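**Student:** Sequence:
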Amino acid sequence: MTIRVNDVIRILEDEGLSYTIINYPEKNKKSIDIIVEFKRSSQEKKKLVVKTSSDKIGKDEITDLKNFSSLTQSIPLIITDETEEDIAIEKDKVIGLSLFGFERLLKGDKIFVYRTRGGMFVRIRPEVLRQKMREMNYSMGDVAKMLGVSRKTIYDYENGDSDVSIEIAEKLIDIFGSEIIGDVCETYQADGKVSVDKDHKVINILESKGFKVATLKFTAVDIIASNNSKKLIITIESRNPENSIKKIQEASKIAEEFNLNMIVISKSSSRAKELEKDGFKVYLDQNLDELKYEISGD
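Take 12 as the starting number for the sequence shown in our numbering and just add one per residue.
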């Protein structure tokens, strides 16, 4: 089955969910297709950052998804035909679902099993495991013996460092109840790691001011940065004027979705003035030292 953005949009509209389509770049690889506001039961609203893929998704696109999601506290998600209806896949810590699985997710159903090259796994809820062990007065050694694993393995389970096989999951349910098992999407936690390509002077400026910085290759945003009090995105104007307009417009949509400060870096003073008239915060590439005052709040 070939998965298209329109297939995902149809599901979102059937569920009455708000979404934003990111149309940049139009012809090359793209890491973000759709941003969705999403809420499960009594949980707070979350943003899903969705990449659709019929072909094998590249490592760089997944890295983009992880970088962006890590600094915006959103959930990266791939919609792919690489997996079965109700089984997720995991690609470098990012979850992938079929269209059917995505629809189930939006309806509030839980996805328990995911597949990697290493086999089939089930995500457990470490906080529930710790609580149940205390309530039932079980030591790590007790649980290790019941499961037929080492104490170190139980330690990893308790700290969320390891998921379990289907066989171990069934044993855990028998011992502690079904609440021990976690939804693969609901329990997603960014690992906090981001990657940076330090080709641009602005990255050094941001890092010198205490920002955690990540670079993006396949969307309208080139740099995303975050510290304790401020999050911002930076879009570097491209050489092609028509392409540049599209890029800035799409970056603006991303900024609005996540309530991010947006900065455009321009090489042309005349073009910078036009963008400023349109309400964008613009810095000339040759005057980037001025950005230090902006991000310091001075």
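It is possible that some hints are incorrect.
[What the hints assert, rightly or not] In silico lysine to aspartate or glutamate, EDC-like type, Cα no more than 20 Å apart, as pairs:
| hint | residue 1 | residue 2 |
| --- | --- | --- |
| 1 | K58 | D300 |
| 2 | K242 | E253 |
| 3 | K40 | D92 |
| 4 | K156 | E146 |
| 5 | K121 | E48 |
| 6 | K67 | E48 |
| 7 | K50 | E267 |
| 8 | K56 | E26 |
| 9 | K292 | E305 |
| 10 | K121 | E95 |
| 11 | K220 | D210 |
| 12 | K242 | E169 |
| 13 | K57 | D71 |
| 14 | K212 | E146 |
| 15 | K38 | D71 |
| 16 | K163 | D153 |
| 17 | K121 | E96 |
| 18 | K104 | E26 |
| 19 | K118 | D97 |
| 20 | K303 | E287 |
| 21 | K209 | D194 |
| 22 | K58 | E268 |
| 23 | K242 | E95 |
| 24 | K40 | D71 |
[Claimed, not checked] Estimated spans, in silico, between C-beta atoms of each pair:
| hint | residue 1 | residue 2 | range |
| --- | --- | --- | --- |
| 25 | M131 | D92 | 16 to 22 Å |
| 26 | N170 | D92 | 31 to 37 Å |
| 27 | D92 | R162 | 40 to 46 Å |
| 28 | D25 | S280 | 45 to 51 Å |
| 29 | N170 | E267 | 35 to 41 Å |
Calculated from the structure, these hints are not laboratory results. From a predicted model like this one, the values you see are computed outputs, not experimental measurements. All C-beta atoms, glycine included, are put in the ideal place defined by N, C-alpha and C.
**Student:** If a hint holds in the structure, say so; if it doesn't, say that too.
**Tutor:** Against the structure, the hints come out as follows:
1. K58 with D300: With a Cα-Cα distance of about 33 Å, the restraint between K58 and D300 is violated, given a limit of 20 Å.
2. K242 with E253: The hint is violated at about 28 Å.
3. K40 with D92: Holds, at about 17 Å.
4. K156 with E146: OK: K156 and E146 at ~18 Å, within 20 Å.
5. K121 with E48: Given pair K121, E48 holds - Cα atoms ~18 Å apart, limit 20 Å.
6. K67 with E48: The given pair, whose Cα atoms are some 26 Å apart, is violated under the 20 Å limit.
7. K50 with E267: Holds, at about 19 Å.
8. K56 with E26: holds (15 Å)
9. K292 with E305: Status holds; Cα separation ~10 Å.
10. K121 with E95: Distance ~15 Å between K121 and E95 Cα, so the pair holds.
11. K220 with D210: holds (18 Å)
12. K242 with E169: violated (32 Å)
13. K57 with D71: violated (24 Å)
14. K212 with E146: Between K212 and E146 the Cα gap is close to 55 Å, so the pair fails against 20 Å, i.e. violated.
15. K38 with D71: Roughly 16 Å separates the two Cα atoms, so the pair holds.
16. K163 with D153: holds (12 Å)
17. K121 with E96: Holds, because 13 Å separates the two Cα atoms, which is no more than 20 Å.
18. K104 with E26: violated (27 Å)
19. K118 with D97: Measuring from Cα to Cα gives roughly 13 Å; hence the hint holds.
20. K303 with E287: It holds: about 19 Å lies between the C-alpha atoms, which stays within 20 Å.
21. K209 with D194: Roughly 37 Å separates the two Cα atoms, so the pair is violated.
22. K58 with E268: Holds, because 9 Å separates the two Cα atoms, which is no more than 20 Å.
23. K242 with E95: violated (37 Å)
24. K40 with D71: holds (10 Å)
25. M131 with D92: 16 to 22 Å: holds (19 Å)
26. N170 with D92: 31 to 37 Å: holds (34 Å)
27. D92 with R162: 40 to 46 Å: holds (41 Å)
28. D25 with S280: 45 to 51 Å: Between D25 and S280, where Cβ atoms are some 48 Å apart, the hint holds.
29. N170 with E267: 35 to 41 Å: Holds, since N170 and E267 (Cβ atoms, about 37 Å apart) stay within the stated range.
Going down the numbered hints, you'll see the structure goes against 1, 2, 6, 12, 13, 14, 18, 21, 23, while the others check out.
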